[in-house]
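Quick note: the sequence shown uses this note's numbering, first residue 2, plus one each step.
To be clear, the hints were calculated from the coordinates, so they are not data collected in a lab.
Even glycine gets a Cβ: it sits at the ideal position worked out from N, Cα and C.
Please note that a few of the clues may not be correct.
Here are the computed lysine to any residue pairs in the SDA-like style, where the Cα-Cα straight-line distance is at most 25 Å [stated by the list, open to error]:
hint	residue 1	residue 2
1	K99	N135
2	K12	E62
3	K66	W118
4	K104	N76
5	K12	Y102
6	K144	N86
7	K16	T109
8	K144	R84
9	K144	V73
10	K144	Y38
11	K66	D54
12	K49	D95
13	K99	A110
14	K66	E117
15	K144	E32
16	K144	A167
17	K104	Y140
18	K66	C125
19	K12	M2
Ranges between beta-carbon positions, derived for each pair [what the hints assert, rightly or not]:
hint	residue 1	residue 2	range
20	N105	E62	28 to 36 Å
21	R65	S44	21 to 29 Å
22	Y47	N88	33 to 41 Å
23	F43	A167	15 to 23 Å
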Amino acid sequence: MIIKMNHLNMKDFNKSNEGFMVSGRIIPTLENNVWSYTEEIFSQPYVKKYEDDEIDISYIEDDRKAVFFYYVDNNCVGQVKLRSNWNGYGLIEDIAVKSAYRKNGVGTALINQAMEWAKENSLCGLMLETQDINVSACYFYAKNNFVIGAVDTMLYSNFSSANEIAIFWYYKF
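From just these sequences and the hints, can you work out the full model?
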């Protein structure tokens, strides 16, 4: 069941934020103005966990922002945080699914909810950014018909994750 975040369930934000296995990286290539990619496999996989995301009351009160939670038996197992972006797209700022519920349709249901929200807000599609080392996320977005629109090699250059590149994915309605 998907429920929009409200004052009563706001405490469930970040409950689905768990780590993921980094087993390689996506290597994007631009040819004839079309992005494609291959995968490099690492010899030593490792686990990465993102820090908990910030949330504030504006995601309840502002019509141009939203958070949706996915519940199983009253337990929050997934979330998507999004807002209207300056370029007419809905920006998915965060999407997370508890590891035990991945590959079971939870993420796709949250993407579909985000699409519905974006259409209701007269946006032209969805966009998001993830790192090249989040291979499973990249495959997930591609499976859900997102395409690479840009790659940024400098976005993380000032952080300890400097060996990561940002990949921007788009879904245009």
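Original post:
Is it true that the CA of K99 sits at most 25 Å from the CA of A110?
Top reply: 14 Å, holds
Original post:
Are the Cα atoms of K104 and N76 separated by 25 Å or less?
Top reply: This hinted pair holds, its Cα atoms lying about 18 Å apart.
Original post:
Does the alpha-carbon distance linking K16 and T109 stay inside the 25 Å limit?
Top reply: Holds - the C-alpha atoms of T109 and K16 are around 18 Å apart, at most 25 Å.
Original post:
Is the Cα-Cα distance between K66 and D54 25 Å or less?
Top reply: 15 Å, holds
Subject >> 25 Å limit on alpha-carbon distance, applied to hinted pair K12 and E62 >> reply: 16 Å, holds
Original post:
For the pair supplied as a hint, K144 and Y38, is the alpha-carbon distance within the 25 Å limit?
Top reply: Within the cut-off at roughly 14 Å; holds.
Subject >> Consistency of beta-carbon spacing, S44 to R65, with hint 21 to 29 Å >> reply: Distance hint for R65, S44 is violated at roughly 45 Å.
**OP:** For the pair we were handed, K144 and N86, check the Cα-Cα distance against 25 Å.
**Re:** It holds: about 23 Å lies between the C-alpha atoms, which stays within 25 Å.
Original post:
Would the pair K12 and M2 pass a check requiring their Cα atoms to be no farther apart than 25 Å?
Top reply: 17 Å, holds
Original post:
Between K66 and W118, is the straight-line Cα distance small enough, at 25 Å or below?
Top reply: Between K66 and W118 the Cα gap is close to 9 Å, so the pair holds against 25 Å.
**OP:** Could you check the hint for me, namely that F43 and A167 are 15 to 23 Å apart, CB to CB?
**Re:** 19 Å, holds
**OP:** Assess, step by step, whether the Cα of K49 is no farther than 25 Å from the Cα of D95, and give holds or violated.
**Re:** 15 Å, holds
The structure fails to meet hint 21 from the earlier list, while all remaining hints are met.
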